[in-house]
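Chemist: Read off the chains here:
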Amino acid sequence: MALKSPYQAPLGKELYVIKTGEWRFQKPVVSKEKCTRCGICLIFCPTNSIKEGEASYEADLETCKGCGICVNECYAGAVTMEVERKG
Amino acid sequence: MSPRKTPKKVVNGNMAAAYGAMLSRPTVLAAYPITPQTPLVEYLSRFISEGLLKAEMVEVESEHSALSVLHGACLAGGRVFTGTSSQGLALMYEPYIRTSTLRLPMVMAIANREVISPQSVWGGQQDAVTLRDAGWIQIFCENNQEILDSVIMGYRIAEDREVLLPVNICYDGFYLSHMSEGVEIPSQKKVDQFLPAFGIEHIKLDPEEPMSVDPLTPGDLLTEYRFKHVEAMKRAKKVIDQVDGEFQSFFQRGYGGQVETYRIDNADLLIVTMGSSTGTAKVAVDLAREQGIGIGLLKIRTLRPFPSERMVEAIQGKKAIAVIDRNVCFGWGTGVVFMEMKAAMGPLARGIAILNYIGGLGGSDITVEHILKIIRKMDRIKDKDFKQVTWLGVEDV
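For the record, the sequence lines run as chains C and G.
Following the working numbering, the numbering of the first sequence begins with 1 at its first residue and continues without gaps.
Following the working numbering, the numbering of the second sequence begins with 88 at its first residue and continues without gaps.
Check before you lean on any hint, since a few could be wrong.
Stated by the list, open to error - Below, computed lysine-lysine pairings styled on DSS-like, alpha-carbon distance capped at 30 Å:
1. K95/G / K369/G
2. K369/G / K96/G
3. K291/G / K13/C
4. K291/G / K315/G
5. K325/G / K277/G
6. K315/G / K141/G
7. K19/C / K315/G
8. K325/G / K429/G
9. K471/G / K369/G
10. K406/G / K429/G
11. K460/G / K429/G
12. K321/G / K4/C
13. K291/G / K369/G
14. K4/C / K291/G
15. K324/G / K4/C
16. K291/G / K321/G
17. K369/G / K315/G
18. K315/G / K4/C
19. K19/C / K4/C
20. K32/C / K4/C
21. K291/G / K324/G
22. K460/G / K406/G
23. K315/G / K13/C
24. K464/G / K429/G
25. K474/G / K369/G
26. K277/G / K96/G
27. K276/G / K19/C
28. K4/C / K325/G
29. K429/G / K13/C
Calculated from the structure, these hints are not laboratory results.
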């Protein structure tokens, strides 16, 4: 029998063990040219998915649920949502 | 019987539970008084004030808070104890289910009391039986010695690595909670040998090893945790029997684990009881045996896990069975033990006359005379033409 959790009781190493990335139908795409690295997207992201990349901030698609709040908040207009075609 | 050195004390059921708890060395207690459990809280407070029990008693404003406090204490590595009754248990409903589904090993006494309405403070098992599907192990006691012993055994069962589930020790309100009888109080040294200290590992609050307790969990994982919970409950059957056997070798008294049988050899009739009516029924069985009636008794100790296998073993060759229920299974119109037994019997139920008597509700008595009448009725049953459910005190037996 293939069990997924090594635990007897519900626990995890992080607050969410749910993979919210599976809910997404569109993903944020950050323009490296426009990004001013102000970090407002990181502050507002409800799933704490934004990580600081080398040239710009980027979303971790494991947990990004594609809500688009980062697009709404970005002063520089550096984030756009791109529809993903899955399945 | 061999001479015993252990002194006996005359104590009521609440005091027996308090002694059982004290001897189990809990570190944190939290309880809110409610009739008929109230003296239990008072006794535990007294043990602490007299320095007999080194534990912290958290004064809370409700049963909901009592159990919630114990969640934290248990997760932080404490051995915890509480007790309640009836409406208090109802108010505890929300953290009650979380206790079992978080797999927190603890022991909680329930002084069984009727649930309202009508307004009543008296005995009845409706409070605990209503929560039989909430994931706890539920053990029902016949007398005060069994209460004390079951609390100690309860920790061994709850903390067993194969189980890791909370345990209710249930005893009939007033019939046991306020009834005094001689009880052997085992020595602390002996209990310490039987019940070693417990260190929680499977789920805990520990800054050295941080983990997120009860994170938002998707359906597939939730299903897996339910599966594991049910498997643990199945394993508990064996553990309950084993712990009882070990207790017997330590303390020279045992209770049969999941079920206890009484004079069932050469018996074609069987009385089934759960809780304090067992003592009454044993007297009735003895009297009926003197009259030449082949009657025995099966005492259900664990409503959860339900002792299907042990029960089926005990009913082999029986012609008629009468189940006495101090509770109601609404919807089926029977008692709970009766309904559970019929489910466990399956096709076996076809060949046996199985009768149900509902009584003893709200502090009304189940008497020796009631049970003798039931036994005589069973003895007269010739075919399958009998009334399935009879309400003691409302209908003639």
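Chemist: Taken at face value, is the distance from the CA of K429/G to the CA of K464/G at most 30 Å?
Modeler: holds, 20 Å
Chemist: With the threshold set at 30 Å, check whether the alpha-carbon distance from K315/G to K141/G stays at or below it.
Modeler: violated, 35 Å
Chemist: What's the verdict on K4/C and K325/G, does the C-alpha distance respect the 30 Å limit or exceed it?
Modeler: holds, 26 Å
Chemist: Would the pair K321/G and K4/C pass a check requiring their Cα atoms to be no farther apart than 30 Å?
Modeler: Within the cut-off at roughly 21 Å; holds.
Chemist: Would you mind confirming whether the straight-line C-alpha gap from K291/G to K369/G stays at or under 30 Å?
Modeler: violated, 45 Å
Chemist: Are K291/G and K321/G close enough, with their CA atoms no more than 30 Å apart?
Modeler: OK: K291/G and K321/G at ~24 Å, within 30 Å.
Chemist: Are the Cα positions of K369/G and K315/G separated by 30 Å at most?
Modeler: Given that 30 Å is the threshold and the Cα spacing comes to 38 Å, the pair is violated.
Chemist: Would the hint linking K315/G and K4/C be met if the CA-CA limit is 30 Å?
Modeler: holds, 12 Å
Chemist: Are K291/G and K315/G close enough, with their CA atoms no more than 30 Å apart?
Modeler: holds, 18 Å
Chemist: Does K4/C sit within 30 Å of K32/C, going by the straight-line distance between their CA atoms?
Modeler: Violated, at about 38 Å.
Chemist: Does K19/C pair with K315/G here, judged by a C-alpha cut-off of 30 Å?
Modeler: At roughly 22 Å apart (the allowed maximum being 30 Å), K315/G and K19/C satisfy the hint.
Chemist: Within a Cα-Cα threshold of 30 Å, do K324/G and K4/C meet the stated pairing?
Modeler: holds, 26 Å
Of the numbered hints listed earlier, those contradicted by the structure are 6, 13, 17, 20, 27 and 29.
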